[in-house]
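A.B. asks: Chain residues, written in single-letter form:
Protein chains: 2
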Amino acid sequence: MTDTIKYLLDESRIPKVWYNIMADLPKPPAPVLHPGTMQPVGPDDLAPLFPMSLILQEVSTEREIEIPGPVRDIYRQWRPSPLFRARRLEKALQTPAKIYYKYEGVSPAGSHKPNTAVPQAFYNKEAGITKITTETGAGQWGSALAFAGAVFGIEIKVYMVRVSYNQKPYRRALMETYGAKCVASPSSETNSGRAILAKNKDHPGSLGIAISEAVEVAATHDDTKYALGSVLNHVLMHQTIVGQEAMAQLEMAGDYPDIIVGCTGGGSNFAGIAFPFIGAQLRGGRKVRVVAIEPAACPSLTRGKFAYDFGDTAHLTPLVKMHTLGSTFTPPGFHAGGLRYHGMGPLVSHALDLGLIEAKAYNQVECFSAGVQFARAEGIVPAPEANHAVKGAIDEALRCKTEGKSKVILFNLCGHGHFDMQAYIDYFAGKLTDEHYDESELAMALAGLPSVPA
Amino acid sequence: MTDTIKYLLDESRIPKVWYNIMADLPKPPAPVLHPGTMQPVGPDDLAPLFPMSLILQEVSTEREIEIPGPVRDIYRQWRPSPLFRARRLEKALQTPAKIYYKYEGVSPAGSHKPNTAVPQAFYNKEAGITKITTETGAGQWGSALAFAGAVFGIEIKVYMVRVSYNQKPYRRALMETYGAKCVASPSSETNSGRAILAKNKDHPGSLGIAISEAVEVAATHDDTKYALGSVLNHVLMHQTIVGQEAMAQLEMAGDYPDIIVGCTGGGSNFAGIAFPFIGAQLRGGRKVRVVAIEPAACPSLTRGKFAYDFGDTAHLTPLVKMHTLGSTFTPPGFHAGGLRYHGMGPLVSHALDLGLIEAKAYNQVECFSAGVQFARAEGIVPAPEANHAVKGAIDEALRCKTEGKSKVILFNLCGHGHFDMQAYIDYFAGKLTDEHYDESELAMALAGLPSVPA
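Same order as they appear, the protein sequences are chains A and B.
FYI, the numbering for the first sequence is 1195 to 1648, going by this note's numbering.
FYI, the numbering for the second sequence is 1195 to 1648, going by this note's numbering.
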């Protein structure tokens, strides 16, 4: 056996529960605050935006939350997703390390995002909701929710960051093929959008602005709720099926990871692969080094503050404690649109603060170079976001080579790059450059963080 | 269980042999002729183009040909591919029919093409070949061979039909990501290409022209062979793993197809799903209705002649008896580039002549409409080629509804449409129209068929 190896679980092995890391943390994360009262928000405060079942998941401290049967039925279309041992990549790198990757690009929308889009649509449907608004950057989340909306017969409206809306017409076409409506953000449809456009009619948009628009529409319409593709506790929790499956698949292979690598934007794919292993460690299991890779052009974990901040630009969301670059920070327009967010999931931020994970930042050109090497070895073209994880894993494997150590590396290949080929064209043409943020803009955004009484 | 059902085989069930329908045909197909002598070609005539192991497969009458271990090792990355029962589509159509689809879009290149690209690259590698030339229309075949070339370390050069080269830069980028070289055809690199360009420097190209260029380069370079993605017997045979797997998966489901539907360009995905079932029927098994769907704008099976013709435009190939529109016929530029070929696989043509299959032609707009309906129900966006099979299957299911019959329909969803989103954008914008060929051009092309002594 010298070729790439696939580890596939039987359908009966699709996890029956989502894993909630809240149950195992040595210290709970800081509470979410109401920006008016500076008091912890209660379930009722969130009720205009989310169905109650999701709000209860958001605040739950139960270790396991049962996955509803109809959600598992839909998961069965592409789950359990395969785990691969990247033998061809190992050979190309001449590394003694074993490299495993979980591949989430097999889902209908081509990424890990349907893992949470499906249950979110399910719970909304159950609550009688007929419309959901959301935001999207590169479009992976938007297309995942569009797919879930098509399955459950829910109308989906997606506010897509304008720069991506223009750069990625094909991702937009995918959403429309699923029947969703897609609008460039900032748009003239909302107060938040109009306020931005009044200052700059050509504003490129940002995830923070798109969130404001989607939240505003949901908050002001009774038949409409809002859905978020990352950051929140329940979203990260839905993704833990990835790590649970990977654990079972590595057991088939007779291995356990020494190092886990994931890319981080809001933190959902990263938490999905890592939290089940961190939980096992917290319950007395084997220690694992967990490395979060973020873009150097939007480095919330490595350059941001761990502080209370708004999740959006118009300050319509509650205040959450997270690693943030400041809600007014507009990241430069690099290709990994899914990682262009000023903040980070509170649970991922908390895990970094507790020393359970480490963080590293990479520039985009070196990530595309790693992605091309991966594609030539393994045959799969990764999404620009996933290229960050690929680069992180390759670097760890090369370090093993230098040190002569045969470590087990696991990473999450969270999506394919079929809708991102323009970025590869630019890379081959030598037109791709490393984007840099403006240090003074970052300083200003950090200085403008809301002050919260201790 | 009300949702879409997936039938997955264990890796040990990847077929160990390719099925060769030649062994079961009541009458052998007409021999391939040398255009100079009008005598049947022998293995040596083909030796400049193909390694001997593939030539022997081309003329073999053995029922089963063993799949080499290293080829099965690579197949394992995505095979066995899933078979789905399209419960959500059945519900949307309110049909009593059971609709099953085999999904080949899970391969690294996103279509069924790697099923033959991998063994072709393997046999060339074994024969010490370092370079392979080929042609591609929409790019599915070119990207599949590029993937296989990357795995075996063989240099791949792809002559891509110019209209597709310009329309589909992302499919081209995929080939380049895998490390292949891609050239617009007609090119100035070959005599065949230069001859066409001399008459029309803006010639849009055709598969027939691109084949001429690739064949010319292989025939004139010792270290270079040629590979074809469809039409030839050995190519169709490599695809029979699709039908063999589907048979085992339907057995899991407790069903057997009454109707099999596939789209046909050169015939490889169609033969792949259908031939194992036709073979079973010829050996005394159950009768199955097999429907080949072709584009109305390039209707070789429904409007072509069953006659000897060249496979390419410059007349560098041997003469094969097939359903053909004439080698000088240039199909209009509709989106299913993989179906834009003037001829048809000799074995598929022969099967039609023997009454083992039927053929139907559809226009592209109705096929895209079916594809969108399929995507909204099943979550998978089909390639434009595959939309023809989807339309055929939906029509059969609707006929079952009218007749109140619960038949079992099987079709091959041969690839995803991620690189074809511009076609969907055009469809939604109402810009997609049905393309028509020129009747007088067809008449002229048919009149120009080579005359072969009876």
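No lab work stands behind these hints, which were simulated from the structure alone.
Ideal Cβ positions, reconstructed from N, Cα and C, are used throughout, including at glycine.
Fair warning: there could be bad hints in the mix.
Straight-line alpha carbon distances no greater than 16 Å define the calculated EDC-like cross-link-like pairs of lysine to aspartate or glutamate that follow [as the list claims (entries may be wrong)]:
#, chain 1, residue 1, chain 2, residue 2
1, A, Lys-1200, B, Asp-1204
2, B, Lys-1599, B, Asp-1589
3, B, Lys-1200, A, Asp-1204
4, B, Lys-1200, A, Glu-1597
Here chain A is said to cover these stretches of chain B; the calculated rule only asks that three of the stretch's residues, wherever they fall, bring their Cβ under 8 Å from a Cβ of chain A [stated by the list, open to error]:
#, stretch
5, 1341-1348
6, 1367-1373
7, 1561-1570
Examples of chain A residues lying across from chain B (beta carbon under 10 Å, computed) [what the hints assert, rightly or not]:
#, residue
8, Arg-1282
9, Pro-1308
10, Ala-1342
11, Val-1345
12, Tyr-1372
13, Tyr-1450
14, Arg-1477
15, Ala-1641
A.B. asks: Just to be careful: measuring from the Cβ of A/Ala-1641 to every Cβ in chain B, is the smallest value less than 10 Å?
C.D. replies: 42 Å, violated
A.B. asks: Regarding the pair A/Lys-1200 and B/Asp-1204, is the alpha-carbon distance no greater than 16 Å?
C.D. replies: Judged against 16 Å, a Cα distance of about 11 Å means the pair holds.
A.B. asks: For the pair supplied as a hint, B/Lys-1200 and A/Glu-1597, confirm whether the alpha-carbon distance does not exceed 16 Å.
C.D. replies: 44 Å, violated
A.B. asks: With a cut-off of 10 Å on the beta carbons, see whether A/Tyr-1450 makes it to chain B.
C.D. replies: Violated, about 23 Å.
A.B. asks: Taking 10 Å as the limit, does the beta-carbon of A/Tyr-1372 come near enough to a beta-carbon in chain B?
C.D. replies: 6 Å, holds
A.B. asks: Would the pair B/Lys-1200 and A/Asp-1204 pass a check requiring their Cα atoms to be no farther apart than 16 Å?
C.D. replies: This hinted pair holds, its Cα atoms lying about 11 Å apart.
A.B. asks: Classify the hint on A/Ala-1342 as holds or violated, based on whether any CB of chain B lies nearer than 10 Å to its CB.
C.D. replies: This hint holds: A/Ala-1342 lies near chain B, its Cβ roughly 9 Å from the closest one there, short of 10 Å.
A.B. asks: Are at least 3 residues of the stretch 1367-1373 of chain B within less than 8 Å of chain A when you compare beta carbons?
C.D. replies: Holds: 6 residues of the stretch 1367-1373 of chain B have a Cβ under 8 Å from chain A.
A.B. asks: Does the stretch 1341-1348 of chain B contain three or more residues whose Cβ lies closer than 8 Å to a Cβ of chain A?
C.D. replies: Per the Cβ count (3), the hint holds.
A.B. asks: Taking the least C-beta to C-beta distance, is A/Pro-1308 closer than 10 Å to chain B?
C.D. replies: 8 Å, holds
A.B. asks: Quick one, is the A/Arg-1282 hint okay against chain B at 10 Å, beta carbons?
C.D. replies: Nearest chain B Cβ about 7 Å off; hint holds.
A.B. asks: Is the Cα-Cα distance between B/Lys-1599 and B/Asp-1589 16 Å or less?
C.D. replies: At roughly 13 Å apart (the allowed maximum being 16 Å), B/Asp-1589 and B/Lys-1599 satisfy the hint.
Checked against the numbered hints given earlier, this structure breaks hints 4, 13, 14 and 15; the rest are met.
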